[in-house]
Amino acid sequence: MTEVKSAEVAAPPAAVPDELTPGHARWHGLRPYAPLVALVVAAILPYSTVNLPGIFEGPLNSPGTLQLLAICLVFGGLAAGYDLLFGRTGMLSFGHALYFAAGVYGTDVLVTRAGLPLWQAALLTVTGGTILAALLGAVALRTVGIAFAMVTLAFAQVGAILVARDFGGLTGGEEGLPLDVSGLPAALVGVTNTVNLYWLALAYLALVVLVVHRVSGSPTGRVLAGLRDDERRIGVLGLDPYRFKLVAFTLASGLATAGGVVYCLIVGGASPHVTSSELTLSLLVMVVLGGPGTRWGPVLGGILYMYLDHRLTAFGTSDAVNSLPAFLSHPLSQPLFVLGTVFILAVYFFPGGLASLRTRLQPVLTSLRRR
Amino acid sequence: MSTVILLTLTGLGLAALYFLVASGLSLVFGLADVLNFAHGLFLGVGAYATWWAAGNLPGAGADGLGFLVAVAFGVLAGSAVAVLVELVLIRPLYSRTIEQVLVTVGLSLAGVALLQATWGADARPFPRPGWTRDVTSVLGAQVPNAGLLLIVAAAVVLGALLAFLRFTRYGLIIRAGVENREMVTALGIDVRKAFTLVFAIGGAAAALAGALGSVYFGTVSPGQGGSLLIFAFIVVVIGGMGSVVGSAYAAVAVGLLQQFVNYYGTSGLGDLCVVGLLAVVLLLRPQGLAGKVAHA
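Taken in order, these protein sequences are the chains called X and Y. Note that this note's numbering has the first sequence beginning at 1, numbered continuously upward. Note that this note's numbering has the second sequence beginning at 372, numbered continuously upward.
The set of hints was computed from the structure by calculation and includes no laboratory data. Some hints here could point you the wrong way.
What the hints assert, rightly or not - Quick partial rundown of chain Y residues pointing at chain X, CB under 10 Å, derived from the structure:
#1 LEU458
#2 LEU473
#3 VAL476
#4 GLY482
#5 ALA484
#6 SER508
#7 LEU520
#8 ILE522
#9 VAL562
#10 GLY597
#11 PHE604
#12 VAL645
#13 LEU654
#14 LEU660
The structure displayed is predicted, hence computed values, not measured ones. Glycine included, each C-beta is placed from N, C-alpha and C at the ideal position.
Go ahead and model the full structure; you've got the sequences and the hints to work with.
Here's what the structure looks like:
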């Protein structure tokens, strides 16, 4: 049986603790409040009418831009939740899309087909998704390493098949299932209310970040980090690795289900691509691009990936790209080509992801400052 | 009765396709510990190279000897891409397993997007010899020739692989490497050469699966490899990583189960049963049917 040694990729680069690095004294006391400041800035962003040509289609408070930002925020949260598995516990799951899809389709089916009020549907969906994760996790965790990855992948494939085959006409098959908005609260319906969805997405992201940070800072989190580095050591200490891994798996999957609920509201329905294994692979790419096991890396990776995924499509069809020769313009019009290539380069040259950039640039900055 | 024979033979055709994809995957997996997500890309490269050669390569065509030339070109192209991937992308990350997997993930995303950028996302009609469109009567069942072609090809590949693994020096190194890589390295043998070879073999088998699978389906599309890859993964895990024979057994079991349940149950139920089979096998025998031993 091949054991996944994720320590090589997951361990953040050895860095001097922040409180020991000189030069930041003035801002040092403010550092703990930086996330709060970022949250406030993100929350009041929709009041701005700033136009950023090239970066967004319209001004910041236009519905299109807000929706794109909301999707980015949801995926920032999803990536942070996935990192609880990959970066912090060292579990390589290829089936995370299943729980996200359970959130999307659960909400959609319960609201559209069963006619439940949104809050009931959301509650049922998150509970159901978490129970599903606990059950499937209990089976999948009997294997370790690469085999665990394959089993989770196979389970997720069942979800994809169920959705695609449209048993009982529930899911709408290939066409997907638009959300029936008649039963939803008025504040979440309509183009003018996109801002509320944006805030919902922001709240989701904040929730996930809070949960992940609280868990990883707790004694349980230390056990999870121990599992990542050396599972046998945890066993020798008399702790049951299986139970801790199941807790992490269930928690991360429950968070993904909640993300699915929010995503369903933002895009107004469900489409089969949320069940695909490519979505899990994208989450993996986000985490690795951002920096697995770091505080903000996965969030930034998720936001950046989704932003690029959406904007590269527009970039690919822009005049600047179209005027290039065909052998350049055709690949550049495929967001996944650009993202895949960036990802490969990142694995080679930035093993710690975006989060390690600061540490990597430190020598350069110091030498510049000395001049 | 003829239905059963038809289902058995189409199931075996499907199994042949799975085996061609899974054998290379399994060997790479057993030897190098790399879960190769780019394997579906090799399949796509083989299919598109064959398709391109049939239309553009002098001497190649959609019929007779020309078709053989086209397929040979496709297999060569798949093999070359696999070797290139191993040398350029996998080898520098020697012994960093997770990062090797990550690189193949990136490559599968980028590579499929590149195929799509070059030839479009839609399925294209595949040039296939006229006789593969006909059916042969076997014990009263009308079996499509393309399926029979797949079965024959897979049987030949299985035989050749086993002979290679059993009777050649490199086969011995690969078998030993799958069993215990560290020991072989400690004996002073460069296992990395075997890596390259295994990637070449796997790429060739996947490319052949791409070409013949396209004949079977009649079309070629960029996403083809990805959807086959998941079932190939399942076959590899059920069969036991690193075992060619295990892959063959598992491929047959998966192919037959899928065909029969899809026919007698609802369409799609067979796919679910395959995943159920995987879960059962893993719970009873986590190392797979043939374990991590190259029974060659």
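Structure-based check of all given hints:
1. LEU458: Hint violated; Y/LEU458 Cβ to chain X Cβ min 14 Å, cut 10 Å.
2. LEU473: It holds, given that the least Cβ distance between Y/LEU473 and chain X is near 5 Å, below 10 Å.
3. VAL476: With Cβ-Cβ at 5 Å, under 10 Å, it holds.
4. GLY482: holds, 7 Å
5. ALA484: holds, 4 Å
6. SER508: For Y/SER508, the interface hint is violated, since the closest Cβ of chain X sits about 32 Å away, which is over 10 Å.
7. LEU520: violated, 28 Å
8. ILE522: violated, 25 Å
9. VAL562: Violated: closest Cβ of chain X sits about 15 Å from Y/VAL562, beyond 10 Å.
10. GLY597: holds, 8 Å
11. PHE604: holds, 5 Å
12. VAL645: holds, 8 Å
13. LEU654: holds, 6 Å
14. LEU660: The hint is violated - Y/LEU660 has no Cβ within 10 Å of chain X, the shortest such distance being about 13 Å.
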